[in-house]
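S.K.: Take a look at the letters that make up each chain.
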Amino acid sequence: MTSRKIPMLVAAAGVTALALASCSAGNQTGAAGSVDGSSIVLQTISQLEPQFQQYADAYMELYPDRSVEVRSTTDQTDQYAQQLATGRISGELPDIFFNVDFLANTLADNNVTLDLAPGITEGRLGDLALDDFVPQFVGQYRPLSDPEKVTGLPVSADSVALFYNKTLFAQYGVTELPSAEWTWDDVYRVAEQIQTASNGAIIGIKAPLDDGGAQITFGPMIKAFGGYVYDPDTGTTGIGKPEAIKAWEYLMSFYGTASQNFSSAPDQTLDFAAANVAMTVGSRAGVPNTKITLADDWDVEVLPTIEGESTTGGGSYGLSIAQTSQQQDAAWAFLEWFYDTDKGMKLAQEVGGVIPPTEDGIENGIWKDGTPPPANLAIFGDSARDAVLLAQMPGGTSSVLTEATKKATQQVMLEGRDLTEAFQEAATTVQRALDDELGK
Amino acid sequence: MVENDAVTTLITERAAVRRNSEGSRTARRRTRGTRGDTWVATLLISPAILAFTVFAIVPILGGLALSFFEWDLFGTPVFVGMDNFARLVTDARMWQSLGVTASFVVLGVAPTILLGFLLAVVVNVRMPGIGGWRVLYFAPMLASAAVSAVLWASIYNGRSGVLNQLLALFGVMGPNWLSDPFWAQPALVIIMIWSALPLVIILYMAALQRIPEDIYSAAALDGAGKWRTLWSITWPSVRSATVLIAILQAVGFVGGAFELALIMTDGGPLGRTESLALYAYKVAFGQLEMGYSSALSLFQLVAIAVLVLLGRLVTRLMRSAE
Chain V
1 MTSRKIPMLV AAAGVTALAL ASCSAGNQTG AAGSVDGSSI VLQTISQLEP QFQQYADAYM
61 ELYPDRSVEV RSTTDQTDQY AQQLATGRIS GELPDIFFNV DFLANTLADN NVTLDLAPGI
121 TEGRLGDLAL DDFVPQFVGQ YRPLSDPEKV TGLPVSADSV ALFYNKTLFA QYGVTELPSA
181 EWTWDDVYRV AEQIQTASNG AIIGIKAPLD DGGAQITFGP MIKAFGGYVY DPDTGTTGIG
241 KPEAIKAWEY LMSFYGTASQ NFSSAPDQTL DFAAANVAMT VGSRAGVPNT KITLADDWDV
301 EVLPTIEGES TTGGGSYGLS IAQTSQQQDA AWAFLEWFYD TDKGMKLAQE VGGVIPPTED
361 GIENGIWKDG TPPPANLAIF GDSARDAVLL AQMPGGTSSV LTEATKKATQ QVMLEGRDLT
421 EAFQEAATTV QRALDDELGK
Chain F
1 MVENDAVTTL ITERAAVRRN SEGSRTARRR TRGTRGDTWV ATLLISPAIL AFTVFAIVPI
61 LGGLALSFFE WDLFGTPVFV GMDNFARLVT DARMWQSLGV TASFVVLGVA PTILLGFLLA
121 VVVNVRMPGI GGWRVLYFAP MLASAAVSAV LWASIYNGRS GVLNQLLALF GVMGPNWLSD
181 PFWAQPALVI IMIWSALPLV IILYMAALQR IPEDIYSAAA LDGAGKWRTL WSITWPSVRS
241 ATVLIAILQA VGFVGGAFEL ALIMTDGGPL GRTESLALYA YKVAFGQLEM GYSSALSLFQ
301 LVAIAVLVLL GRLVTRLMRS AE
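Keeping their order, the protein sequence lines are chains V and F. Numbered per the working numbering, the first sequence finishes at 440, counting up by one with no gaps. Numbered per the working numbering, the second sequence finishes at 322, counting up by one with no gaps.
Calculated directly from the structure, the hints in this document are not laboratory data. Backbone N, C-alpha and C fix where the C-beta goes; we use that ideal spot for every residue, glycine too. Incorrect hints may have been included.
Stated by the list, open to error - A partial selection of chain V residues facing chain F, derived with a Cβ cut-off under 10 Å:
hint, residue
1, Q79
2, R88
3, G395
4, T397
5, Q431
6, A433
Said to hold, decoys possible - Residues of chain F placed beyond 12 Å of chain V at every Cβ, according to the derived structure:
hint, residue
7, T34
8, I45
9, L73
10, G75
11, I113
12, M141
13, G158
14, L178
15, V283
Let's have the full structure, built from the sequences with the hints guiding it.
M.R.: Structure follows, in structure tokens:
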């Protein structure tokens with residue numbers, strides 16, 4: 001490359017960077033707009049598109065002069081962030097969009113999402129107040145830097161429970177069914193019994209730790225043992241501390257005896273709905289599909305406790321309004337309709353399998369209705385209330401955590417590395433990422 | 001005589017002038033023609049140049065620019081100078097993923113070339129029904145990485161996969177291929193070879209069909225057998241195609257490792273299948289560090305450029321040796 005070309009290249013790169021910088025600064029500001037005759041865009045992931053289209057259709061039927069265009073995009077969470085960023089740069093962020101806990105903080109810090117707290121206080125959601133929402137679910141959308149703000153509203157109080165196949169229990173001579181009094185030791189004992197009796201053809205319980213990255217399982221488990229994954233007050237991770245080590249040891253004991261052998265590439269053929277797994281930790285969202293697919297008799301039970309503490313994980317995707325929306329009043333009007341127990345939320349319970357994220361919705365909602373199995377569907381109400389939701393982690397550190405725990409699990413299971421050493425190293429990696437992020 | 005000479009000279013001079021005049025007219029016509037060709041050629045290639053600029057040059061410049069910034073996709077990029085490149089040098093995971101990328105190339109390129117050449121020779125014969133066989137050989141080319149991944153994941157499945165069931169027939173207990181620190185990478189390499197073979201076969205077939213038949217006839221007269229002909233005539237005759245294929249495949253294995261590993265192993269186990277591209281992807285969209293990811297991508301671009309330049313150097317050396 002000639003010496004003349006190098007400055008040209010650097011200059012071109014500089015211009016491109018400036019262009020990116022100016023685009024990403026997001027200089028567009030939002031506007032109230034008008035509700036009558038409004039037209040808004042709602043973006044969700046493709047998996048949820050059919051149900052959101054039904055919500056939009058019902059809304060437009062009730063308000064014919066208002067239009068809601070539902071756009072769907074990738075189901076891959078990492079690519080979803082990219083889609084939102086592209087929308088931001090091109091000035092085409094949707095008015096309302098799907099939000100998720102691990103992105104919520106980044107979106108809030110960069111002024112992508114509107115603070116909904118003042119609007120809710122002003123009565124933008126009708127009679128619904130912030131206090132009506134289950135605290136831990138709405139807490140996912142409170143920015144770490146300013147917890148008074150709320151930049152998204154949870155759609156469903158989803159939590160996990162123990163799914164079990166009664167037919168397989170009977171087939172392998174197990175008469176004892178899971179109950180609310182069960183401990184994790186009971187789960188292990190029965191799972192091992194079924195797996196042994198079936199000569200490995202049936203998996204006792206699908207490995208609760210999965211490939212090592214199942215935060216929804218290990219988070220509450222570590223907390224139940226008295227530890228923590230991330231403490232926002234001190235900015236530290238506790239995944240290498242003795243309490244957490246107990247949880248890791250316990251979770252890993254399942255591989256190969258009560259669960260499938262460890263695999264870093266999860267086996268997609270192992271599925272509770274395919275009747276080759278006797279028990280699994282599943283979420284309420286998985287109930288409709290299991291009802292369709294699994295012909296056996298099955299039911300659900302709350303997850304066992306450890307030392308009296310809940311090990312139930314949970315979470316919910318949320319809906320946010322873009323700060324740059326020119327139709328903020330219309331977006332609020334849609335959310336008011338959507339969160340109304342007799343309007344949008346009723347439909348969401350019917351067609352979307354949603355558990356309303358409010359105390360009233362959990363208690364009095366129609367989500368509990370329906371023909372068994374599962375007969376014990378109502379336990380998801382208690383599970384939602386008891387659910388332990390992990391504290392938000394700043395920036396991309398949640399991803400670093402997942403990578404680190406997967407790696408530590410692989411080191412222990414595949415290389416035979418000492419568990420404590422492996423997870424202490426993982427903790428160091430996560431802490432370094434946290435320090436970098438918080439030191440910015 | 002003098003007059004005759006003068007007339008002759010005059011005629012010769014006039015003829016020369018006429019020839020010169022005609023020559024310059026032809027040259028002008030040629031120049032006009034060349035200029036016209038240049039315009040047509042420019043017009044015809046301009047869409048490709050435009051597309052290349054928009055979809056390759058500008059993103060590369062954007063990536064180059066971003067590598068000097070810290071950017072989380074949503075906020076304003078912050079200039080950090082050479083920090084990302086300094087981090088790159090000290091990042092152990094980067095070196096591990098570079099090693100993984102290199103081993104994908106080392107494990108994959110030579111077998112692809114060898115198998116591709118042999119299969120091209122096999123399907124290059126003229127016999128009834130060979131068209132059907134050729135279609136079968138080219139079928140993997142139609143499968144996307146996602147489809148290939150699903151297909152091969154079921155073959156490699158440790159519990160119920162075809163491969164382990166076959167091994168069990170011989171009393172061998174197969175490993176969990178995609179989760180085994182030793183076997184995961186070779187398992188992916190096999191898929192990549194399978195996907196790459198159709199293109200390699202096409203390129204070799206094109207090269208094989210350019211070899212003059214009389215060379216084979218001469219070799220036959222000299223009593224050369226099939227293997228002797230294959231290694232002493234056919235293989236050297238497709239040498240330039242081999243160099244091209246080697247470069248294409250080296251670049252292909254650097255990039256191809258990304259898609260399959262992302263879908264099938266997520267870079268595991270223990271980072272054994274995490275190529276540089278996959279690491280850059282995770283840094284960008286998992287950790288939201290676009291600047292560092294750009295630095296990683298740029299590093300990979302330079303590595304590929306070095307690889308291509310080495311390929312060209314080898315070609316030149318071979319030509320000069322010939």
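S.K.: Now tell me, hint by hint, if it's right for this structure.
M.R.: A quick look at each hint next to the structure:
1. This hint holds: V/Q79 has a C-beta 7 Å from the nearest C-beta of chain F, less than the 10 Å allowed.
2. At a threshold of 10 Å, the smallest CB-CB gap from V/R88 to chain F is about 6 Å, leaving the interface hint in force.
3. With its C-beta approaching chain F no nearer than about 6 Å, V/G395 sits inside the 10 Å limit, and its interface hint holds.
4. Look at V/T397: its Cβ gets to within about 8 Å of chain F, closer than 10 Å, so that hint holds up.
5. Evaluation of the V/Q431 hint against chain F yields a violated restraint, the C-beta minimum of about 15 Å exceeding 10 Å.
6. For V/A433, the suggested interface contact is upheld, since its CB lies about 8 Å from the closest CB of chain F, less than 10 Å.
7. No beta-carbon of chain V comes within 12 Å of the beta-carbon of F/T34; the shortest separation is about 27 Å.
8. For F/I45, the condition that its CB be more than 12 Å from all CB atoms of chain V holds, with the nearest at approximately 21 Å.
9. In this structure F/L73 is not separated from chain V by more than 12 Å, as the shortest Cβ-Cβ distance comes to only about 4 Å.
10. The beta carbon of F/G75 is not kept farther than 12 Å from every beta carbon of chain V, the shortest such distance being approximately 4 Å.
11. Annotated as non-interface, F/I113 keeps its C-beta farther than 12 Å from every C-beta of chain V; the closest such distance is 29 Å.
12. Annotated as non-interface, F/M141 keeps its C-beta farther than 12 Å from every C-beta of chain V; the closest such distance is 25 Å.
13. Taking the minimum C-beta to C-beta distance to chain V, about 7 Å, the non-interface status of F/G158 is violated against the 12 Å cut.
14. A beta-carbon of chain V comes within 12 Å of the beta-carbon of F/L178; the shortest separation is about 4 Å.
15. At roughly 8 Å, the least C-beta separation between F/V283 and chain V is not larger than 12 Å, which violates its mark as non-interface.
Comparing the model with each earlier hint shows violations of hints 5, 9, 10, 13, 14, 15; every other hint is respected.
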